[in-house]
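Protein chains in written order, with my numbering: chain A, 1 to 223; chain B, 224 to 446; chain C, 447 to 669; chain D, 670 to 892; chain E, 893 to 1115; chain F, 1116 to 1338; chain G, 1339 to 1561; chain H, 1562 to 1784.
Rather than coming from a laboratory, the hints here were simulated on the basis of the structure.
Please note that a few of the clues may not be correct.
Said to hold, decoys possible - Here are some chain A residues pointing at chain E (derived, C-beta under 7 Å):
hint	residue
1	Gly131
2	Gly134
3	Met157
4	Ala184
5	Thr194
6	Asn197
Stated by the list, open to error - DSS-like, lysine-lysine: derived pairs with alpha carbons at most 30 Å apart:
hint	chain 1	residue 1	chain 2	residue 2
7	E	Lys933	F	Lys1285
8	C	Lys504	C	Lys633
9	G	Lys1379	G	Lys1359
10	H	Lys1599	D	Lys737
11	H	Lys1784	H	Lys1619
12	E	Lys985	F	Lys1166
13	B	Lys446	B	Lys281
14	C	Lys484	G	Lys1463
15	G	Lys1525	C	Lys487
16	H	Lys1599	E	Lys930
17	H	Lys1599	H	Lys1582
18	H	Lys1619	E	Lys933
19	B	Lys274	B	Lys317
To be verified - According to the in silico footprint, chain B covers these stretches of chain D (three or more CB under 8 Å from chain B):
hint	region
20	702-708
21	870-880
Ideal placement from N, C-alpha and C gives every residue a C-beta, glycine not left out.
There are 8 protein chains.
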Amino acid sequence: MAAKHQGFCDLGFAKVDIDRKSRRGFEEVVYCPGKTTKQIKDICRKLIAHKQNLLLTKLERGAFIYLKKTFPKLRYSPLARLGYLNIPSKIPKKGFVAVVSAGTSDIPIAEEAAVTLEVMGNNIKRLYDVGVAGVHRLIGKLEIINKANVIIVVAGMEGALASLVSGLVKAPVIAVPTSCGYGANFKGLSALLTMLNSCSPGVTVVNIDNGFGAGYFASLINK
Amino acid sequence: MAAKHQGFCDLGFAKVDIDRKSRRGFEEVVYCPGKTTKQIKDICRKLIAHKQNLLLTKLERGAFIYLKKTFPKLRYSPLARLGYLNIPSKIPKKGFVAVVSAGTSDIPIAEEAAVTLEVMGNNIKRLYDVGVAGVHRLIGKLEIINKANVIIVVAGMEGALASLVSGLVKAPVIAVPTSCGYGANFKGLSALLTMLNSCSPGVTVVNIDNGFGAGYFASLINK
Amino acid sequence: MAAKHQGFCDLGFAKVDIDRKSRRGFEEVVYCPGKTTKQIKDICRKLIAHKQNLLLTKLERGAFIYLKKTFPKLRYSPLARLGYLNIPSKIPKKGFVAVVSAGTSDIPIAEEAAVTLEVMGNNIKRLYDVGVAGVHRLIGKLEIINKANVIIVVAGMEGALASLVSGLVKAPVIAVPTSCGYGANFKGLSALLTMLNSCSPGVTVVNIDNGFGAGYFASLINK
Amino acid sequence: MAAKHQGFCDLGFAKVDIDRKSRRGFEEVVYCPGKTTKQIKDICRKLIAHKQNLLLTKLERGAFIYLKKTFPKLRYSPLARLGYLNIPSKIPKKGFVAVVSAGTSDIPIAEEAAVTLEVMGNNIKRLYDVGVAGVHRLIGKLEIINKANVIIVVAGMEGALASLVSGLVKAPVIAVPTSCGYGANFKGLSALLTMLNSCSPGVTVVNIDNGFGAGYFASLINK
Amino acid sequence: MAAKHQGFCDLGFAKVDIDRKSRRGFEEVVYCPGKTTKQIKDICRKLIAHKQNLLLTKLERGAFIYLKKTFPKLRYSPLARLGYLNIPSKIPKKGFVAVVSAGTSDIPIAEEAAVTLEVMGNNIKRLYDVGVAGVHRLIGKLEIINKANVIIVVAGMEGALASLVSGLVKAPVIAVPTSCGYGANFKGLSALLTMLNSCSPGVTVVNIDNGFGAGYFASLINK
Amino acid sequence: MAAKHQGFCDLGFAKVDIDRKSRRGFEEVVYCPGKTTKQIKDICRKLIAHKQNLLLTKLERGAFIYLKKTFPKLRYSPLARLGYLNIPSKIPKKGFVAVVSAGTSDIPIAEEAAVTLEVMGNNIKRLYDVGVAGVHRLIGKLEIINKANVIIVVAGMEGALASLVSGLVKAPVIAVPTSCGYGANFKGLSALLTMLNSCSPGVTVVNIDNGFGAGYFASLINK
Amino acid sequence: MAAKHQGFCDLGFAKVDIDRKSRRGFEEVVYCPGKTTKQIKDICRKLIAHKQNLLLTKLERGAFIYLKKTFPKLRYSPLARLGYLNIPSKIPKKGFVAVVSAGTSDIPIAEEAAVTLEVMGNNIKRLYDVGVAGVHRLIGKLEIINKANVIIVVAGMEGALASLVSGLVKAPVIAVPTSCGYGANFKGLSALLTMLNSCSPGVTVVNIDNGFGAGYFASLINK
Amino acid sequence: MAAKHQGFCDLGFAKVDIDRKSRRGFEEVVYCPGKTTKQIKDICRKLIAHKQNLLLTKLERGAFIYLKKTFPKLRYSPLARLGYLNIPSKIPKKGFVAVVSAGTSDIPIAEEAAVTLEVMGNNIKRLYDVGVAGVHRLIGKLEIINKANVIIVVAGMEGALASLVSGLVKAPVIAVPTSCGYGANFKGLSALLTMLNSCSPGVTVVNIDNGFGAGYFASLINK
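Let's have the full structure, built from the sequences with the hints guiding it.
Dropping the structure here:
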């Protein structure tokens, strides 16, 4: 009730934003690091009580197991480290989002994007390990990529794939730098700067390892 | 002819990408810094010869005056430092893109985005100087912002406006950090990091001062 | 005695500043990292011998349990990682300090500020999880915030909350960047730069994760 | 009128915040870099029309001379690069703020703080060139410093003065790093980091070269 | 004579390394910034006196004109900012080095590499403006590139071209990041990190804008 | 079959590049971090099925033991953290590559280069611990170094050895910065910048700790 | 024997510099990180065989215990993490070196300097915990400090103590930044920059946490 | 008079430290950037009035010409940008300081050190342009270097010379990184990090381009 009035439920340690869906089109998403499992559980309970979908990012497996006891329908993607529980009413959109990764090591972040997209009701196609070291792998999948409404490119190390894909297609490209690599990679800084400086227009960038953010944004523009 | 075959015209110092429009939906855009005015002129001549629209970014006024002699229909936005010459057949899209700037000093970059959008056939609305120092100015314009298909937020200094706008709307937000500010702003790094770390999903980021890139991307997703 | 003369007690590994209270208005505060529990104990003993309040920052729970055996009245805030033992003569000040946090994950640092303020004899009000992703949560608490003498804003990720709060109030704002976040957050650098570049005057900044420093400074100006 | 309603005057390129004084206690301050002199003039005209004080920061001398023609009462501090025009009704506060600079080269930024304080109705005392290379100069002025309500310390190079002053006094210290120095000073980064890491509590920090911000904040807490 | 003995001529301000050719295979190359034109002239005189080739890097046009008076045979590439005077006995090597640039703005650095290679007796082929924004331009030239003994890739902005080329060929790739670009390019840091983190083996990197260094190294391995 | 057609085998999580050898002269090398041991095993199986050599970089001992069960001929260098399985048909090249390390702590990275070279069919000579702190150790080995076709210099801390070696020889020098050191070494940044700024031409650089990359490149140019 | 000839003993993984003492005045010092205990033992054996003093820096306790079995006279300072074995012939120098630390947490690095000085035959005086937060502690020890031949100042956090001490004395000051601190300390960068930018001449700086380097240098100039 | 009492003359904008010589052994040195020529003149007048030597660092030629009118005996080194006026009573010390520069472009900073040393009464020997690109030039001068009491090494670019010299001699080495170079030199950062990470003990470092600081420190330890 109070929540209805103010648009949020005050738990003291958290003000759960019940108003988020009507204001922004999707429910509040819970960023898990730095929260105790008890806090996450209390937030979930409030969201469920207000008939909201759940999406929990960067959720550790141990925390999921703990939450599963209280919310038996909660699902989990261990690769994407996403917990979710969604109400099936969503009608999948036409068209699809292509989630493209440069290397096998980038898959966890690519999966974070992919599962976010699925939870938000999008069709997706995964194209993994098509980095610039063997560009024929990308070219071989160009037909699929060219049909996508939106393209997410996930790449670590030098992150060159985003510019390359963008130069070949009409669809907007959302680039996700990952922290894969070592040395002068500086935990993803290298790929981040590469993507920000793309010589090919039609690319925007999210934070390092922010697969969720890319998936969320792609869902907004996938129509 | 050769160009038709290979998709580009080889000028030696430049390989003009005649194929860009069919492949990417918009013609090759010319980034002017580091090119001589003579080189820019030769590139423009080739593009025009292939009936392409012109868009010249970061173009200095002096260079424009020089080009104007050869291409009398070339137009120029001194604020946005954009030269352009477009063929009027484009049908403006329904809906509009909101171009929002935090401060007056950010207007040149906001204009770069706005004029890019106009050249690419979009309706736009400008909302300038609505930064967080007086948030009622933003709130006073919320009705307009909420109707936009896409929102571009241009901000320097601490760049907080992108997160704030994103938290209030359904539309996707493209954030453009600017180099406005001094000291620990480090030529735009401050606003860039702010925007990349937005706690509000639905934000992606382009390079510092890259108004063109934001406009281009917004045009892709404005339908 | 020697201490009275020179203003400090020389323990070899530490020169305990007995003169601090008369000179600065509050006793020497002990920064615990890098000190052995034995060293902390010896310093505490000297301070108590000179009838001084104790405040131990960044104190691990294990070290607290060890110290508790020697100083049974020592208290501990596990969230704030503060140990303290204060002599009750302090008369609480009129008015209060608002301690505002952007997210739930920022609470440990917010608590460090809050408990420091309480130990130093201030009234406080806690407003947690009112970040810019749902600005109505902040607006809903504006009445309280507007009555505060001083406001501490604790935020990680992009740290935009400090500018926003400052733009709405008359009171001075002390901003505490936290290391909450990932990727281009660079362990708090992002929030730090945001806060230093605030477009809204009336904001000063302390070190990343320095809740104690913010609380201490707020106590100095809360009258 | 419109302004009364919404709290701002919309000039297109600027939304002048007429509401600032009632909301924040002081009028909107105009940051001049990146604005044309024409834009500054139009903003000033609106502020004056609403009977507001003027404070223009980082104002170049040439721009001042241009503005002076329209606003003959406008005053200017060339050292502080501040333009101002204030309505004399302000009653000076009791007590004073000490503005302390480490070196002669830091004086322009110290003056920015000092003049800001004066325009906002504060008494101040200037103590310039008392850096740590000859600490007896500071000790010789300690009696004055100890009587201040608030202390602003302005220092470039290694910025050590802020910690030192803070260790000697009860009053809060606002530290302003300057870009004075060369080499590994990295345009003020060195002094900024020094001040953020002060081992002495009671110090907060503003942006590099932000004398205005320090003066503004000091005025808020000088009672 | 003295020089013969010690392997250098001592001019006080310079010890001209007469021994360089026998030790390293090529004469001492003169880096011009920070030297007066008088100093450069004196160094050249010594080198010529010992029958050495001249190669002067980063030489300004004004300095060249001054030197030309004394050394009328001195030649100059204004684009590459190289002065040189070589003794024609060198037999050109078989095979060639491909000098590839991403954009037109990278040509000055590409020319520095190309002219260095020519002065050192190599055949070269220039392939300019084949960056990843239109990858068909590169593919169209692949036949030539595949015949090169060594490939130099010169690219600014995101510098993705080096990885891409390397993934397509057998020859070693020497990558030269340039400072072309703006914003988060940070004067070439972006391209530098990209190239250092190349996911495709077979790439090494030289300093930002060091076309000379790339040309020199390529000459060593072009056989 | 499918692989023959497209040049890669699609495992879903990886597209194994079967075409690499014919295109680039050496098989796809597997970078192990971020891949599960199961993924590595599946990739290896595909490569072996296509009669390709195996080279696995940054492979942990535990993963090797797991792989050994399936591929009993797989060999491992624990120092270099390289797994490999090569088909003996390669005829060793004439001449040799000198692998030079500055200190004993740099040996793991030097070994990564050395073993890579051996797997690729090169003769090598190891010269370890000849850093600039005792330059006579290098001078004592100069005769050997001078006979090398290519020289790899591996150094951490200040990385000065690369410039020094380069100044003494005709052969090209490939410099590998290592992360050995502490403090202002910043995990190899110090040595990286040193090597990029070498005042002696004839040096190129690979990523920090990228012994494999240096070995691979050296093999390309060792003829 | 061979060693006598070339000035070093070649162990393959190390070239032990037997010539160091005659050339530099002190034996080769062994930096332990990155070396196996077996390697350290072999190096020690060679040094002892050539009647050299031993000094092992950054030596872990476990490694010491292992070495102690072979070299029962080896001594260890656990605080300084130094192992040493010195031949008593050294005549202590007149005068002394003052080793000054800002805080208790800086003592391990201060001890590294102090023990290094003792092993090298110097008298020292320790003055710990005299940082700028309570400057009277330093002033109270000024008489001692003023008598020192050389002063080592060890400080983390903001590192202001070096400038302050230098401003008060005639003796040269060697500043050692430590990694003590958190947040914008950036693992010692803060103190390092402070010390490099000292406004007081007479200060030089060594690497972060390099107590050994400061002690070694101080020994060179303590006469 | 007042000055005698407090040890300084208060000029308002400066507190001239008349006490410096008795306290520190040398007079206050005036750092000129950021001071007006008028301010410098007034400071000089006070110093002369108290019979102090003058040393003015980073003094522009134009300012010198202005000062020369008032102080006709003032001398100037245009290369070192030092103004000085010293009272001849100083007895030159025995022994000498070697000032070694890597390249010709480093000479201005080397001269700053050299002239500082001369003004402070030291004998010096200059050895310029002996960098590691041709190490025989250094070896050829080793006899001289080995006789020096103290060695200053001035180097830009990769700054390797300091480690190399230190490894060859008994005397302490003071390293001065210069901003000579380009690209990843980052205005001297490269040479600074190199020198701080020297693998050869016996090296300390001053700020980038701080020839004066090196000369001053060398004078303190040259006995």
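Broken hints, by number: 12 and 16
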